[in-house]
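Please model the entire structure based on the sequences and the hints provided.
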Amino acid sequence: MQLGRKLAEGYAADPEAEESAPPIAEAPAEPRVEVETTVEPVRA
Amino acid sequence: MPWRSARRAPEHSEQPLAGFKLAHPMLSADGSRGGFSGVTVGRGHVYLAVDDAICVQGSRHASPSKWCDCGFYCFHDIASARDLACEPEHRNAVLLEVAASGRYRRYERGLRYSRQRVRSVRVNRCDCGQPATVLVDTGAGSTGWRQLLPTCLACVGARPRLELQAFARLAGHCVTISGEAAPVDTELSGAGQVALLHAEMALLQARLDDLQSRLDALTRGGDA
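First to last, the protein sequences are chains A and B.
Letter 21 of the first sequence, counting from 1, is numbered 20 in numbering that gives the first Met the number 0, and no numbers are missing.
Letter 108 of the second sequence, counting from 1, is numbered 107 in numbering that gives the first Met the number 0, and no numbers are missing.
What the hints contain is simulated information worked out from the structure, not anything from laboratory work.
Any given hint might turn out to be false.
[Said to hold, decoys possible] Some but not every residue of chain B turned toward chain A, in silico, with C-beta under 10 Å:
1) His-11
2) Thr-39
3) Cys-73
4) Ala-98
5) Gly-101
6) Glu-107
7) Arg-108
8) Arg-111
9) Leu-169
10) Ser-177
All residues carry an ideal CB built from backbone N, CA and C; glycine is no exception.
This is how it looks when you write it as structure tokens:
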């Protein structure tokens, strides 16, 4: 679908759509990655 | 002289924006829901009467994105959608009137946007030219969804059918659906109808003449 040149960006409200919109699935949480590190003793 | 940005401030509307687009009517595999599939970028994705856009390219960014062609699309005016419907691959599509909302990008001929509410569905005529009154399975579809085709009662044959109003109920959200009226009722009036009636009378007269001549031949044969 060719719409031509972009003219603007914006936001439009639609109370009817917001009342009846399907629930938005929550994005799965990113798994926590724990990295073990060996800390070298600091020598004075 | 201070530097001034050419970037415009975002627009804001308290009302959804009206638009028109083509789509294929879809029926869920269990027959409990009606939906739609796109005809261009989103042809493999089925959306409901009220739905949020997702990236059909498989990315997890918010849709529509500046860097992607995803999102719902519509034209500003109905004529552009009807022009697109002239292309052979779109002849069986239906015309949707939609309310576009959420984040949008406005173009010369239409919108790309994040939330859509289908207001009405307009169904084309059957391939035979008569008004379509039912929807039948095309044999095409995607996982969990069958693509439907507007058809008239004469052409439906023994195939399972779904009434237009039944589809509207399954789509939900007060979607209305209508088909085109019969060609004779809408396009012919006055002189056009007189010419049509003259042509039908001429055909009937020719048929009567043919029957009369065959009857005469049979009668002469019986006399001999």
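Hints versus structure:
1. His-11: This interface hint holds because 6 Å falls under the 10 Å limit.
2. Thr-39: Holds, because the Cβ-Cβ distance from Thr-39 of chain B to chain A comes to roughly 5 Å (cut-off 10 Å).
3. Cys-73: OK, holds: Cys-73 of chain B within 10 Å of chain A, min 8 Å.
4. Ala-98: 6 Å, holds
5. Gly-101: Constraint on Gly-101 of chain B satisfied, holds at 7 Å.
6. Glu-107: Holds, about 3 Å.
7. Arg-108: 5 Å, holds
8. Arg-111: 7 Å, holds
9. Leu-169: For Leu-169 of chain B, the interface hint is violated, since the closest Cβ of chain A sits about 15 Å away, which is over 10 Å.
10. Ser-177: 20 Å, violated
When held up to the earlier numbered hints, the structure conflicts with 9, 10 and fits the remainder.
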